[in-house]
Amino acid sequence: MKRLKAGILVFPGSNCDRDLGQSLENFFSCEVEYLWHSRSFEIQHDIYFVPGGFSYGDYLRSGALAARARSMDSLKAAIKQGRMAVGICNGFQILTESHLLEGALIRNKSLKYICRNIGLKGEGVFKDAPAGYHLPISHGEGNFIAGSDTLKRIEGEGRVIFRYSDNPNGSMNDIAGICDASRRVYGLMPHPERALLPSLDDALTAKRYGTFFFEKLFALL
Amino acid sequence: MVLADRIGNKEEAQKLGLLESEYELICDGLGRAPTFTELAMFSGMWSEHCSYKNSILLLKQLYSQSDRLLAKPGEENAGALRLDDRLAVVFKIESHNHPSAIEPYQGAATGVGGIMRDIFTMGARPIISLNSLRFGNPTEPRNKWLLKNVVKGIGDYGNALGIACAAGEIFFHDSYSKNPLVNAMTVGIAEIDKMASARAGKPGNLVIYVGAKTGRDGIHGASFASKELSNESAEERSAVQVGDPFMEKLLMEATLECLKKKLVVAIQDMGAAGLVSSSSEMSASGGVGMRLALEKVPAREEGMEPFEFMLSESQERMLLIVEKDRKEEVLAVFEKWELDAAVIGETTAGKNLTISFHGKIYADLPAELLAKKAPRYEREFQKPAHDLWARFNHESHQTPDDFSQLLTKNDTEGLGIFLQQLLSEPNFASKEPVYEQYDTDIGLGKIIGPGQNAGVYRVPNSQMALSVTVDGNGFYVAQEPYLGAQHTVAECYRNIVSSGATPIGLTNCLNFANPYKPENFYFFRNAVLGMSDACAKLKIPITGGNVSFYNESEDGPVLPTPTMGMVGLLEDASYTLPAILQPGERLAVLGFFKPQLGGSLYAYLRRRSFGGVLPPLDLEQEIRCGELLLSLNRKKLLSGAIDLSFGGLLYAALRLVFAANRKNRQTSGLDLCGVLSLPVKQSAVNFDELYFGESAHSYLVAYLPEKEKEIVDIATRAGVPFQPIGMGLPADLLKLGDAEIVMSQLQSSFENGLKLLFY
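Chain order of the listed sequences is A and B. With our numbering, you'll find the first sequence wraps up at 221, consecutive numbering, no jumps. With our numbering, you'll find the second sequence wraps up at 1759, consecutive numbering, no jumps.
Rather than coming from a laboratory, the hints here were simulated on the basis of the structure. The structure displayed is predicted, hence computed values, not measured ones. Heads up, a few of these hints could be off.
Examples of chain B residues toward chain A, derived with CB under 8 Å [unchecked claim]:
(1) Gly1155
(2) Asn1159
(3) Leu1331
(4) Glu1335
(5) Tyr1377
(6) Gly1443
Now the stretches of chain B that chain A is said to cover, found in silico as 3 or more residues with beta-carbon under 8 Å [unchecked claim]:
(7) 1449-1458
(8) 1583-1597
Pairs of lysine-lysine, DSSO-like flavour, derived with a Cα cap of 27 Å [stated by the list, open to error]:
(9) Lys1360(B) with Lys1010(B)
(10) Lys1152(B) with Lys109(A)
(11) Lys112(A) with Lys1296(B)
All C-beta atoms in this analysis are idealised placements derived from N, C-alpha and C, irrespective of residue type, glycine included.
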C-alpha cells in the first residue's frame, strides 16, 4: 500500500504536533512532514493536520494569530485544490478563525479548562461510531457557537461529525466537530490521537476509538 | 579595578535582609566594604532561599547512594538517575508558597514555570508534572479564592506548555489558611550523552542571555521568600513575578534544540535571584571568572539600575555559556523561535564576577564568595513545651466510635449517611474537579493518570514507564517529626510499589516555619533525619530538593510539612498495576496491617484532633511486604492494588470500586457498581480503628479467585500475612456484614464533595 503523506502545520505554541505526528507514523505508517508557520509550503501531501496546543499563546483569541500565518495561505491553496485538512482542538479554532470552517469556539461555559474522556455520538462519515464511543477532550475554549442561519445550514447539510453525549462546554446543539460544505475540511475539539494507546484508569482502547476516527478519515482520501 | 558604584552600608544590608554579622563576613571576604550593587547581590545569594544557610549542614548528610545517580545532590539544577544505558530521569520539586499566598494565580503559575526550567536546563524534556497543595478550610471565601486561582495558575501554565499532569495531592487544614503550600514537581527524560551542565568551563567562552526581556518584576523575590508572611505582605505584590507559558514553550524548544545539537558548554535558568545566581553559580562551579556588561541585557523597562538587572526575577530567561565558534549557530536557533538572544559577556581567566554598566564597574568580587561561601548556621532546636497547634485540636464531644455502634446495631440507613458525609469531606472527596482542569493526556504517555496510587506514564521511545507520586503528612510530622517523616517516605514507597514499580529516587520540599525559633527547628531537624534514615533503609537515594522556611503567619506556623516526591521505574510498562477492583475479583489485605487512629484523617474529622499514638512503622516489614507485592505482580497474579495509608482500609476499598465504576461507565454508559463484601466479625474489635485506622506496610490487593492458592503459597513462604476480606460483584451495594449500603450514593458523595467548591 502506498504510504500516506501527511503535513502537520506547526505554529509557535503548538504542543500536540509531535503527538499527532508520532501517532500517524506509528499506527498508520504515514510519512509525516512538519510545516513551520513562517514559510509557505509545496502542496505535495495527501492530507493536512492543524494540531492542538496554544498557538501564539492563545493571545488575542485562540487561533486568531495562527490564522494569519504564512503557512495558512498555502493550506488555503491546498484546500482549493481539493486536499483534505483536519483541525484538532486548537487546530479547529485556527480553522474557524481562518473561515475555513464556520462558527467560532469561545470559552467553556464553566469558564474552566476541562480534560477528561467524553462520550460522543458520530454522525455523517463517522455515523458508525460504536455505542459508548469516547474520546479525550482537553480545552478551555471549546464552546461552539454559530449564528442561527449558519447553524441551520450546518445541521441541514448534515455537516456535524460529532456530538457530545454529555455536553461539557456549552456548545450549541452539543456540537463537538463539523466539516465544511466541500466535506474536505474537518474540525473537532476531541483528540483522537490520544486514544490509540491503552490506559488502565479509563476505558480507551485502540480498537474502538482513535483508530476508528483515523481509518474513517483516511477512507475519504 | 576602580569601582564606580557607591558603598553599601550596614543599614542598607539590614534592610536587604542581611544580618550584621553577615555584613561583616562580606567585608572580610572582600577585604573592603561592598558596593551597593554587590550588597544587593549578596542579599539575593545569601538569602535563605538561595544559600540554604540554615539547612545545608543537615542536608549535606542526606542519604544519596545509588548506582543510578548521575548528578550529586545540589550540584546541578535537578537530580538525575540513570534508567538504562541511554536514558536518564531528571526530577525535582520546588515550593512557591509565599508568592501564591499573595497572588495565587501568578504565584502558582511561575512556580510551575520555574521547576520546568530546572528540568529542561539539564537537557531533559519534561514529560510529566505533579503538584502538592495545602490550603485552609476551603469553605471560607479567601481560602476558596486561593484554591481556585492556584489551580487555575497551575493549569494555565502547564497546559499551555504542554506537559501532562500525572499526580498530586491536596490537603486542607486551618493552619495553612494564610500560608498555603504550593509545591510543584517536574519529571523529564534526557539522553545521557546530551545532558547539560551548569559549570562554565574554560575562560574565553561567551555568556549569552536568552529568552524574555528583563524588567523590574520580582526584585528581591528570594529575600521575600525568606521572611514570615504578615498583613503587610500584600503590599509586597511587586515581588511576585508574572509568568508567560508561551514564552516558556519557545524557550524550552529552543533550549532543547541547542542542547541536542551540543552547542552549549553550560546553562542555567535565571530563577531566584536571577542573573546573580545563574552567573555566579556557573562561574564558581566552573572555577572561572566572568565579565558581564549589563547594558547588553535585553530590557523591557527604561532606567534600570545595575542592581535591578542583577536581581530581577523576570521569568522565562536562561543564561548560556557557549564557545565562540558556536555563537552563530546558537543565535540562529533562537532567531528561529523568535526569542531574544544577546551576548552579554564572557568567561575570564580569574575567579571574579565583574559587572559593568556603560563602561563603569559596579561589582567585582569572587564568584565563589557569592555562590558558595554564604555562612552556614547550626540552628538550635528544642522540643516545644506545649502543642504548637493546640488551637486546632479541640477534642469534640463526638465519640470516635460512632461507626462501630452503627455497625453493631446493623443500622443500614445510619451507616449510609455516615459514609456519605465522610466521603464528601474535602480531604476524603475525589480530587477530580481539580485535576480535570489539568491536561493529563498530552504526550501520549498516560497509563494511569491522577487519582490512583501514583501516576504511571510511558517513557517515550522505550518499553519503560515511570511511576510518580507526591505525599506529605502534616498531622504525623506535627505529632512526631522523625517517625512522621519516615511514614511519609514509607507511604511514597507503597504508592509506587502498588502501581507495580520499583522506587528509584526521592526529591523533597521541606515546608517549615521560621528556623530561628528553636521549636520550629526541632521539627525540621528531626523530620530531615527521619526522612534520610528511612531512605537509607529502603535504599532510595535522595536526589535533591528544596527548603521553604518561614511558612507561618501572625496566627502561628503551618503544620510542619515535608513533601516528598518519589519516582519509580517499571522496566516493562505492561506490568503496570491499577488501583481497581472489578466485579468477579477477590480482595485481600496483604501485609503487616496494624491500624491506629492516632494522627489519622478519620480521627481528626470525628474528634477535631490529630493527637494520639501514630501507627507503628517497621521498615524491614515494609520492604518484605513491598518486595512480595512486586514479585506477585511479576508473576501476573494480581489485577489491582492500593496502599493502605491515609484514610484507612474502608476508604481504600471504596476507592478501588469507585475507580472501576468510573472506568466501566465510560464503556457501558451505566453506573455498574461492584459489591464490596466485607465481613464483620462480632468480636471485641473496634471497627473505627479497623476500617479507618491508618497503617504502614500493608496493601489491599485484587485478584482473580483462581489465583488465590498460588498467592497464599507465595505469601506464606515470604512470611507476610495475607487475609482475604471481600470481593467485587456486579451489583450496586456495599455489604458490611449484614448491612447493605447503596454504592452509587457513596460514589456520588465522593465525586461531588469538592465539585461544589468549583462550580
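Cross-check of the supplied hints:
no.: 1; hint: Gly1155; in the structure: 5 Å, holds
no.: 2; hint: Asn1159; in the structure: 6 Å, holds
no.: 3; hint: Leu1331; in the structure: 17 Å, violated
no.: 4; hint: Glu1335; in the structure: 11 Å, violated
no.: 5; hint: Tyr1377; in the structure: 43 Å, violated
no.: 6; hint: Gly1443; in the structure: 7 Å, holds
no.: 7; hint: 1449-1458; in the structure: holds (count 5)
no.: 8; hint: 1583-1597; in the structure: violated (count 0)
no.: 9; hint: Lys1360(B) with Lys1010(B); in the structure: 24 Å, holds
no.: 10; hint: Lys1152(B) with Lys109(A); in the structure: 16 Å, holds
no.: 11; hint: Lys112(A) with Lys1296(B); in the structure: 41 Å, violated
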